[in-house]
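Using the hints provided, position chain B relative to the given structure of chain A.
Protein chains: 2
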Amino acid sequence: MKSKKIVITGAEGFIATNLIFKLSNIKGYNLFGLDSSIAQSSNKNFTKDIIKIEKIDISSSENLLNLIDGADLIVHLAAKGNVIESISNPLENFNSNAYSTLVLLETMRKANVQNIVFASTGGALMGNTVPPVNEKSLPAPISPYGASKLCCEGYLSSYANSFNINSITLRFGNVYGNFSSHKKGVINKWIRNSIKNKPIEIFGDGKSTRDYIHVDDICDGIIASITRLLNNKSHTFERYHLGNNQEISLIELSNIIEEFSKKTLLRNFKGLREGEVIRNCADYSLAKKILKFKPKKEFEKEIPKLYEWIRINEFNY
Amino acid sequence: MKSKKIVITGAEGFIATNLIFKLSNIKGYNLFGLDSSIAQSSNKNFTKDIIKIEKIDISSSENLLNLIDGADLIVHLAAKGNVIESISNPLENFNSNAYSTLVLLETMRKANVQNIVFASTGGALMGNTVPPVNEKSLPAPISPYGASKLCCEGYLSSYANSFNINSITLRFGNVYGNFSSHKKGVINKWIRNSIKNKPIEIFGDGKSTRDYIHVDDICDGIIASITRLLNNKSHTFERYHLGNNQEISLIELSNIIEEFSKKTLLRNFKGLREGEVIRNCADYSLAKKILKFKPKKEFEKEIPKLYEWIRINEFNY
Numbered sequence: 001m002k003s004k005k006i007v008i009t010g011a012e013g014f015i016a017t018n019l020i021f022k023l024s025n026i027k028g029y030n031l032f033g034l035d036s037s038i039a040q041s042s043n044k045n046f047t048k049d050i051i052k053i054e055k056i057d058i059s060s061s062e063n064l065l066n067l068i069d070g071a072d073l074i075v076h077l078a079a080k081g082n083v084i085e086s087i088s089n090p091l092e093n094f095n096s097n098a099y100s101t102l103v104l105l106e107t108m109r110k111a112n113v114q115n116i117v118f119a120s121t122g123g124a125l126m127g128n129t130v131p132p133v134n135e136k137s138l139p140a141p142i143s144p145y146g147a148s149k150l151c152c153e154g155y156l157s158s159y160a161n162s163f164n165i166n167s168i169t170l171r172f173g174n175v176y177g178n179f180s181s182h183k184k185g186v187i188n189k190w191i192r193n194s195i196k197n198k199p200i201e202i203f204g205d206g207k208s209t210r211d212y213i214h215v216d217d218i219c220d221g222i223i224a225s226i227t228r229l230l231n232n233k234s235h236t237f238e239r240y241h242l243g244n245n246q247e248i249s250l251i252e253l254s255n256i257i258e259e260f261s262k263k264t265l266l267r268n269f270k271g272l273r274e275g276e277v278i279r280n281c282a283d284y285s286l287a288k289k290i291l292k293f294k295p296k297k298e299f300e301k302e303i304p305k306l307y308e309w310i311r312i313n314e315f316n317y
Numbered sequence: 001m002k003s004k005k006i007v008i009t010g011a012e013g014f015i016a017t018n019l020i021f022k023l024s025n026i027k028g029y030n031l032f033g034l035d036s037s038i039a040q041s042s043n044k045n046f047t048k049d050i051i052k053i054e055k056i057d058i059s060s061s062e063n064l065l066n067l068i069d070g071a072d073l074i075v076h077l078a079a080k081g082n083v084i085e086s087i088s089n090p091l092e093n094f095n096s097n098a099y100s101t102l103v104l105l106e107t108m109r110k111a112n113v114q115n116i117v118f119a120s121t122g123g124a125l126m127g128n129t130v131p132p133v134n135e136k137s138l139p140a141p142i143s144p145y146g147a148s149k150l151c152c153e154g155y156l157s158s159y160a161n162s163f164n165i166n167s168i169t170l171r172f173g174n175v176y177g178n179f180s181s182h183k184k185g186v187i188n189k190w191i192r193n194s195i196k197n198k199p200i201e202i203f204g205d206g207k208s209t210r211d212y213i214h215v216d217d218i219c220d221g222i223i224a225s226i227t228r229l230l231n232n233k234s235h236t237f238e239r240y241h242l243g244n245n246q247e248i249s250l251i252e253l254s255n256i257i258e259e260f261s262k263k264t265l266l267r268n269f270k271g272l273r274e275g276e277v278i279r280n281c282a283d284y285s286l287a288k289k290i291l292k293f294k295p296k297k298e299f300e301k302e303i304p305k306l307y308e309w310i311r312i313n314e315f316n317y
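Respectively, the protein sequence lines represent chains A and B. In this text, residue positions in the first sequence follow my numbering: the first is 1, and each later residue adds one. In this text, residue positions in the second sequence follow my numbering: the first is 1, and each later residue adds one.
A hint or two may mislead.
What the hints assert, rightly or not - Some chain B residues near chain A, calculated using beta-carbon distances under 7 Å:
(1) I87
(2) L102
(3) A140
(4) P141
(5) P144
(6) G154
(7) Y155
(8) S157
(9) N161
(10) S162
(11) E274
Simulated from the structure, these hints should not be mistaken for laboratory data. Here a beta-carbon is modelled for each residue, glycine too, at the ideal position from N, C-alpha and C.
Next up, chain A with everything else stripped away, as it sits in the complex (with noise of 0.2 Å):
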């Protein structure tokens, strides 16, 4: 058979890399890589012997046409994923989320690239709405990351229609694990103060809660949403929330880390952030059945193994 030639956007970032390893052991799949490098992620040295990543920006490029030619699937994970960040500046978000997936699936179009595995959001596309969410619940975005992964969502559901591109639409819980030196998410901002026993800031009261889910669980679920558009002829738009149907609070978050490191993490309560949502967490049901989606990685288990990755690769010691 052969090989399908598999596109990973945003093929630098956190998730990819996770990814590519998972992909480059299963048979069959031509991995290729587009990052646009403005992340200043150090993990294509990890990657390097495995794929080839060109650095490009999608939402500017002339050479995208040529560069995702003959691919039967793309991977979208390239996005500016800070809430805060956002809020500073929505229409930088707007323009590195909404307006550039836009343009991937224009190019998509004129290259008859027929797939697209998208990464949305649970927790900021639907705002404060009650957990746990699911695919019924409406969405209700209170941050510019939130709507543009929203404006993602109705093009992609627009394109199944109007230009018969198939797309999977997955929306991640909050992704922890290897490979996330770049990322500045709470658990590697408290574990990075935990090494260098410095004290961490909450916003809030502490009981917010998110509903965290590990890359390698995510990573496959992606390659179920792969495998099952790569086998559909019919024009399809599909969304599933991955995640692990569990709140843990902030609070909860940083007495795992103090348990475990036995080291006091000094807390710092601060106001809440606007744009940020106090709870999240998705009933994961669609996806157990559709694409036999079930988290693996228990948190109390991982937060320790992700704590000696950072400590080692971050520290170097």
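Same frame as chain A, but now just chain B:
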């Protein structure tokens, strides 16, 4: 009481012109218009004595900030509203609808303008969701035009929460009425063809339905929204479907035109066009409850009046 400055975008448009006439009869509003003149409407001739309209492209003007400065509320009606054109050129439609709306929101933020009424769509937003749709229905656009409106709704939702810009999104049914000479909707096209004794084109089997709503009723909904926003002090994002909760098929529409005009319409059936929804109809219960919205105009009585208006204004006899 100090009069309120209302800025209307797309001020030379079909709905805006009707709205300007209605608002000019209500005390306490100081009206100002913006329009790109791209749609080549001549409606300015009708309203020139009651409103000043500035020619401006929202997405690229450096003067927008000055023009909306001091406004109490913006009625954002400017958009490219043609589904078929959005399929021919999704990026152009995206720029006119999605990007321009974000630029407007960003400029409102800088100018500290805190209220906006936004014209969205029921049909294109909901795609082929089984009617009647309401505010709890999941958006599922099947055209780039529908996606562009979903994008705007998402940003309005996020701007209410992140930046305290209050908004009411009104999802219109298929609006018809006077001052629509630059429009290419099915009612206007068929009336013109009837006047010219030309055959009409029916895409599909003629059983496709739309929820037609008279522009007078739509304007009442807009005015109720203006009042609601100006009396509201908390930050909010609300959306309402404004329709008739009545499905009229293309066959029925052609019969109505044929009967009162006493002129036979030759019907040419053609294939369904990509991106066009099959059925559309909205339950307006929520708008009725909150905005006291209640359509007063009866379709069968209004179509003959529009027929006369088009005959006089477009055919000069």
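Given L102 (chain B) was flagged as interface, is its beta-carbon under 7 Å from a beta-carbon of chain A? 6 Å, holds
Quick check on the hint: N161 (chain B) CB to chain A CB, less than 7 Å? Holds. Min distance 4 Å.
Mind checking the CB of A140 (chain B) against every CB in chain A and telling me if the closest is under 7 Å? At 6 Å from the nearest chain A Cβ, A140 (chain B) passes the 7 Å test, so the hint holds.
Does the interface hint hold: is P144 (chain B) within less than 7 Å of chain A, judged Cβ to Cβ? 5 Å, holds
Min Cβ distance, E274 (chain B) to chain A: is it shorter than 7 Å? 5 Å, holds
Could you check if I87 (chain B) really has its C-beta closer than 7 Å to a C-beta on chain A? 5 Å, holds
Hey, does the S162 (chain B) contact hint survive, CB to chain A under 7 Å? Since the shortest Cβ distance to chain A is 5 Å, the answer is holds.
For the hint on P141 (chain B), does the least C-beta distance to chain A fall short of 7 Å? 5 Å, holds
At a threshold of 7 Å, is the proposed contact between Y155 (chain B) and chain A supported by beta-carbon distances? Constraint on Y155 (chain B) satisfied, holds at 4 Å.
Does the nearest C-beta of chain A fall within a distance shorter than 7 Å of the C-beta of S157 (chain B)? 5 Å, holds
Take the shortest C-beta to C-beta distance between G154 (chain B) and chain A; is it under 7 Å? It holds, given that the least Cβ distance between G154 (chain B) and chain A is near 4 Å, below 7 Å.
The structure is consistent with each of the numbered hints, conforming to all of them.
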